[in-house]
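Enquirer: As a plain string of letters, each chain reads:
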Amino acid sequence: MKKIEAVIKPFKLDDVKEALNEIGIVGMTITEVKGYGRQKGHKEIYRGAEYVVDFVPKIKIEIVVDKDRADEVVETICKTANTGKIGDGKIFVLPVEQAVRVRTGEKGTDVL
Amino acid sequence: MVQDEAGILIQKRKKLVKRLLDNRAPGFLNTSAELFDDYFCGVFKKSSTALKMTDAGIPVALVALGGYGRREQCVHSDIDLLVLFENSIPEMADQFIRDLLYPLWDYRLETGYAVRTIKESLLMSWKHFDILTTLIDARFICGDFNIYFLLMKTFMKQLSEKHLQNSLGCLIAYGEKRHSVFGDSTYLLEPNLKSGLGGLRDYHSLMWYARMVSDVKIRKDLEYYGFLSCEEFQTLESSLSFIWNTRNMLHYITGRKCDQLHFELQIEVAKLIGFKAETGHQGVETFMGELHSKMEFLKQINQLLREYILQPRPNKIKKAKKRTTLSKSTKVSGIVIRRQMLEFSSMELVPRHPGLLLKIFVESGRLKKPLSIDARRIVNEFSYLVNDSFRRDTSNVKAFEKILSYSLWKFNVLNVMLATGVLEGLIPEFSSIVNKIQYNQYHLFPVDKHSIRSVQVVNGFKKKDSDKKFSFYSIVYKGIRNKKVLLFAALLHDIGKAEPSSEHSEKGAEIARTIVARAGYKSSEIEDVVFLIKNHLFLAKTATRRDLSDEETAVFCADRIGRVGRLRMLYLLTVADSIATGPKAWNQWTESLLRDLFLKTMNVLKNSELATRKASKSIKKKKDQIINLRKKEWDKVKLKKELDSMSHRYLLYVPVPEIMGHLALYKNLGEKAFLWKITKEDNSEIRRVSICGRDKPGFYSKLAGVFFLNRLDIVGSQAYSWGNNTALDIFNVTPPMDRIFENEKWEKAEKELQNAIEDDQFLERLHGKIPKKILLAPGQIPRPNRVKIDNEISRFFTVIEVFTYDFPGLLFTITNTLYRKGVDVRVAMVATKVDQVVDVFYVNSVDDEKIDNPSYVEDIKNAILQNLPELEVKKEESK
Numbered sequence: 001m002k003k004i005e006a007v008i009k010p011f012k013l014d015d016v017k018e019a020l021n022e023i024g025i026v027g028m029t030i031t032e033v034k035g036y037g038r039q040k041g042h043k044e045i046y047r048g049a050e051y052v053v054d055f056v057p058k059i060k061i062e063i064v065v066d067k068d069r070a071d072e073v074v075e076t077i078c079k080t081a082n083t084g085k086i087g088d089g090k091i092f093v094l095p096v097e098q099a100v101r102v103r104t105g106e107k108g109t110d111v112l
Numbered sequence: 001m002v003q004d005e006a007g008i009l010i011q012k013r014k015k016l017v018k019r020l021l022d023n024r025a026p027g028f029l030n031t032s033a034e035l036f037d038d039y040f041c042g043v044f045k046k047s048s049t050a051l052k053m054t055d056a057g058i059p060v061a062l063v064a065l066g067g068y069g070r071r072e073q074c075v076h077s078d079i080d081l082l083v084l085f086e087n088s089i090p091e092m093a094d095q096f097i098r099d100l101l102y103p104l105w106d107y108r109l110e111t112g113y114a115v116r117t118i119k120e121s122l123l124m125s126w127k128h129f130d131i132l133t134t135l136i137d138a139r140f141i142c143g144d145f146n147i148y149f150l151l152m153k154t155f156m157k158q159l160s161e162k163h164l165q166n167s168l169g170c171l172i173a174y175g176e177k178r179h180s181v182f183g184d185s186t187y188l189l190e191p192n193l194k195s196g197l198g199g200l201r202d203y204h205s206l207m208w209y210a211r212m213v214s215d216v217k218i219r220k221d222l223e224y225y226g227f228l229s230c231e232e233f234q235t236l237e238s239s240l241s242f243i244w245n246t247r248n249m250l251h252y253i254t255g256r257k258c259d260q261l262h263f264e265l266q267i268e269v270a271k272l273i274g275f276k277a278e279t280g281h282q283g284v285e286t287f288m289g290e291l292h293s294k295m296e297f298l299k300q301i302n303q304l305l306r307e308y309i310l311q312p313r314p315n316k317i318k319k320a321k322k323r324t325t326l327s328k329s330t331k332v333s334g335i336v337i338r339r340q341m342l343e344f345s346s347m348e349l350v351p352r353h354p355g356l357l358l359k360i361f362v363e364s365g366r367l368k369k370p371l372s373i374d375a376r377r378i379v380n381e382f383s384y385l386v387n388d389s390f391r392r393d394t395s396n397v398k399a400f401e402k403i404l405s406y407s408l409w410k411f412n413v414l415n416v417m418l419a420t421g422v423l424e425g426l427i428p429e430f431s432s433i434v435n436k437i438q439y440n441q442y443h444l445f446p447v448d449k450h451s452i453r454s455v456q457v458v459n460g461f462k463k464k465d466s467d468k469k470f471s472f473y474s475i476v477y478k479g480i481r482n483k484k485v486l487l488f489a490a491l492l493h494d495i496g497k498a499e500p501s502s503e504h505s506e507k508g509a510e511i512a513r514t515i516v517a518r519a520g521y522k523s524s525e526i527e528d529v530v531f532l533i534k535n536h537l538f539l540a541k542t543a544t545r546r547d548l549s550d551e552e553t554a555v556f557c558a559d560r561i562g563r564v565g566r567l568r569m570l571y572l573l574t575v576a577d578s579i580a581t582g583p584k585a586w587n588q589w590t591e592s593l594l595r596d597l598f599l600k601t602m603n604v605l606k607n608s609e610l611a612t613r614k615a616s617k618s619i620k621k622k623k624d625q626i627i628n629l630r631k632k633e634w635d636k637v638k639l640k641k642e643l644d645s646m647s648h649r650y651l652l653y654v655p656v657p658e659i660m661g662h663l664a665l666y667k668n669l670g671e672k673a674f675l676w677k678i679t680k681e682d683n684s685e686i687r688r689v690s691i692c693g694r695d696k697p698g699f700y701s702k703l704a705g706v707f708f709l710n711r712l713d714i715v716g717s718q719a720y721s722w723g724n725n726t727a728l729d730i731f732n733v734t735p736p737m738d739r740i741f742e743n744e745k746w747e748k749a750e751k752e753l754q755n756a757i758e759d760d761q762f763l764e765r766l767h768g769k770i771p772k773k774i775l776l777a778p779g780q781i782p783r784p785n786r787v788k789i790d791n792e793i794s795r796f797f798t799v800i801e802v803f804t805y806d807f808p809g810l811l812f813t814i815t816n817t818l819y820r821k822g823v824d825v826r827v828a829m830v831a832t833k834v835d836q837v838v839d840v841f842y843v844n845s846v847d848d849e850k851i852d853n854p855s856y857v858e859d860i861k862n863a864i865l866q867n868l869p870e871l872e873v874k875k876e877e878s879k
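The listed protein sequences derive, respectively, from chains A and B. All residue numbers for the first sequence refer to our numbering, where the first residue is 1 and numbers rise by one. All residue numbers for the second sequence refer to our numbering, where the first residue is 1 and numbers rise by one.
Quick caveat, the hints were computed from the structure, so don't treat them as lab data. In this text the structure is predicted, and so the values were computed from the model without any measurement. Mixed in with the good hints, there may be bad ones.
[Said to hold, decoys possible] Quick list of in silico lysine-lysine cross-link-like pairs, DSS-like style, CA-CA up to 30 Å: (1) 217(B) - 119(B); (2) 79(A) - 667(B); (3) 17(A) - 772(B); (4) 850(B) - 90(A); (5) 638(B) - 17(A); (6) 541(B) - 34(A); (7) 79(A) - 672(B); (8) 667(B) - 90(A); (9) 861(B) - 821(B); (10) 15(B) - 52(B); (11) 478(B) - 606(B); (12) 79(A) - 696(B); (13) 584(B) - 17(A); (14) 17(A) - 640(B); (15) 638(B) - 79(A); (16) 850(B) - 34(A); (17) 79(A) - 640(B); (18) 874(B) - 772(B); (19) 641(B) - 79(A); (20) 541(B) - 90(A); (21) 3(A) - 584(B); (22) 17(A) - 641(B); (23) 90(A) - 12(B); (24) 850(B) - 79(A); (25) 60(A) - 541(B); (26) 632(B) - 667(B); (27) 606(B) - 60(A); (28) 34(A) - 463(B); (29) 90(A) - 821(B); (30) 34(A) - 772(B); (31) 79(A) - 821(B); (32) 60(A) - 850(B); (33) 90(A) - 17(A); (34) 79(A) - 541(B).
[Stated by the list, open to error] Here are the simulated distance ranges between beta carbons: (35) 644(B) - 35(A): 27 to 35 Å; (36) 35(A) - 606(B): 27 to 35 Å; (37) 432(B) - 23(A): 40 to 48 Å; (38) 55(A) - 625(B): 58 to 66 Å; (39) 710(B) - 35(A): 45 to 53 Å.
Think of the CB as a built atom: it goes at the ideal place given N, C-alpha and C, for glycine as much as any other residue.
Based on the provided sequences and hints, a complete structural model is requested.
Expert: And the structure:
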């Protein structure tokens, strides 16, 4: 099993969700996060005072899938979240050791 | 033998719970407590240990404490028992406890007990506040009544003589602590029936206060001693029984003593009580609405009566002496301050001057002093005086505006106005959202409370120093001229939520129009209120669903909002609405998105020509015109969508025929890198080239290069990016020298552009052809070449302006330099006037960011200047 963590621009969430649904991925965890990478923060000036926006709001999506499907999921997110601009985000793929469904205690890929 | 008693108790309790579920157990709490009483009496009679103690002359009494003492025994409430001895605890006590309690424990009935002497009981009460409160509620069950009586008599005597102030202090502190712990908004979504705001503890505390300082023994005494009016007492009864019933059902469902009404359980509890879905509302919404109103009543009555009961009475002995009722007058005649609370100086004044009904709230807000319970009653009694002419009266409207601006955190006059019925009198439309619950985890407050909170949040922006994180909002707030418009919008923004509908904003805007029109507002003010309510979700939606780094998003907002003043108000309304909704709707994450959008939109409104009223009008006109002209070739909806996705800048500056030309090219572009079309201008020696191509870095410089290569002099040019990775450009050029083979020349140029796109070095050979010097006419004083790079004009682009003299290959020189330096031209406006040229480029780095690194800026500037030819003034020919 693989866990896919994708950090994307907030306004792309609906598109990504829809695209993932289309390829049969229905479960995911969404978190509102802040951060920055190459796209640094910026300054805004209002009425003479400076407001530094140092962390940029992003959405983090976490999905655990069978390892055979990981590439397809990554590709889908990549394609959908792309605006061609900086700050489109990053995707990480991590190995997952075990998954357990709390209600039944089932284990392994069946619970995904 | 003894086990039997417990068995009977269990049986009877089962039957009782069953009756409760059938809604046939009105006195459940009382009956439930009596069952336990019966059990203890039965066991006491039969217990051999008890008999032995009686024989030995050791008096013992069983005393019910706490909730059990109050006969408020819910399904899984625990039992609190005191086994009381007179002077010392005998050895037999252990066995006695076993007789009493083991059978209960065997049935897993939670039973707490204490074995104490009278002295110990008293000592511990003065030491531990929670023991003190259980003893206030003590009730005799069985055994020796005399020692119980002795305990209680001494307890009350010591309480009033030595411990009153201290105990009252503890009780107040306990209440404050409880409210601060449970006052958190999450407890609104999942109310705690016992300890929460408006929970049963609010009622218990009230009884404790009353018992400590007066002769009140039972609930009914509150009415008997005049603390509550008959109506209030009835409301108290019905509120309590509703909450108790809810608590019983909650205990039953969870199978344990659980007082927090968790979100997941609310539907089930509502169903058990018998709430059914009706006209678009779930049963659970009606249920939660009712529960909130009952708890609100308990909260209010707690605050009110506490003030009343705790009126300074320094010493009980002086009680006989009539209380001094010094009253201070206020700014308003007819309203006085008595005991730190506002009152009417005489009740008869109110019907003669109905305006006092509002003025007392104005004074209350201004002085931050509450209305006395009598004043509230009078206001409530006379609220029928608030009729249509009252509502239209200018001075009443003014008074209400003041009340709106006085509504603050921790002292919200509007809440009291709502509780007394005056708010609904003044705005009858408000009734429809009172205690309206939306059953989801997002909305924590009933709609009416949420609206009032929104007003309170807006007023919170007034203070500049109090809260650092609010400082930004207070700056924005200061900029708002007509604050009453914002306050009214905050109060009414959800007024359309009465009926389930997806468009509560539109609906609410129309309801609000009636309300503010009735209040006699100017039409511009009415339109502002209507606009704010109609669009109160617009900014929040845009901030989370559109790309904020795209200029078009800000222009789109600016276009919709239109004015700086409206933007400020809409922004603060959005913030206040979100904060008042609850933590799910408001966090730093949403806050930074919203602020970003606000600042960018503000900048567009202030500094940009793209969203002025005139610009919006002209763009709309152009769009309509194009759709009309092209309705045959294009699907109307699709064409509109394409036009909507074009930048405002493009639509504003490019004339209709050119836009249509671009659209035609775009339609046929397919997989090709570009398409162009050459048109001859009538009566002019100028060729107009419209280009539609894939928007890749360097595309514009390659176009300029190919024209230079073919000696087609560029007279003017504009470049735009279309959102969908398409570049739309227009060049005005002089025609080729050879007019006979003009078409062939254009075909050659087209091929060369194709080559240049495929081979990045294709145009490098042009560098040799750029002149080294520009010769100026004799006598001219040369103005040196100048490059200005600006990051202030636009939030989204770096603006580069180049001032120089015209020469062949000028545009190519500049744009190619930019391209090679990693700068991407997004918008270009190039025009040659006589000989001095000002070329303007809106650029970003290839990473799509502004270029604000000073050394990078310097580098670009120098590179452009270096590539421009030197200026030289032609020497005058010698005569």
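Enquirer: Can the restraint linking residue 850(B) and residue 34(A) be considered satisfied, given a maximum Cα separation of 30 Å?
Expert: Holds, at roughly 21 Å.
Enquirer: Quick one, are residue 79(A) and residue 696(B) close enough, alpha carbons at most 30 Å?
Expert: holds (19 Å)
Enquirer: Given the hint that residue 606(B) pairs with residue 60(A), test it: the Cα-Cα distance must not exceed 30 Å.
Expert: Distance ~35 Å between residue 606(B) and residue 60(A) Cα, so the pair is violated.
Enquirer: Straight-line Cα separation of residue 90(A) and residue 17(A) no greater than 30 Å?
Expert: Satisfied, since the Cα-Cα distance of roughly 16 Å is no more than 30 Å.
Enquirer: Using the beta carbons of residue 432(B) and residue 23(A), state whether their distance is inside 40 to 48 Å or not.
Expert: holds (45 Å)
Enquirer: Check the hint pairing residue 34(A) with residue 772(B) against an upper bound of 30 Å on the C-alpha distance.
Expert: Violated, at roughly 52 Å.
Enquirer: Is residue 861(B) within 30 Å of residue 821(B), Cα to Cα?
Expert: holds (10 Å)
Enquirer: Going straight from one Cα to the other, do residue 541(B) and residue 90(A) come out at no more than 30 Å?
Expert: Given pair residue 541(B), residue 90(A) holds - Cα atoms ~24 Å apart, limit 30 Å.
Enquirer: Holds or violated: are the alpha carbons of residue 874(B) and residue 772(B) at most 30 Å from each other?
Expert: holds (14 Å)
Enquirer: Next pair to validate is residue 641(B) with residue 79(A); report whether the Cα-Cα distance is within 30 Å.
Expert: holds (22 Å)
Enquirer: Verify the CB-CB distance for residue 644(B) and residue 35(A) against the hinted window 27 to 35 Å.
Expert: At 32 Å between Cβs, range holds.
Enquirer: What's the verdict on residue 79(A) and residue 821(B), does the C-alpha distance respect the 30 Å limit or exceed it?
Expert: holds (29 Å)
Violated hints for the displayed structure, listed by number in ascending order: 3, 8, 10, 23, 27, 30 and 38.
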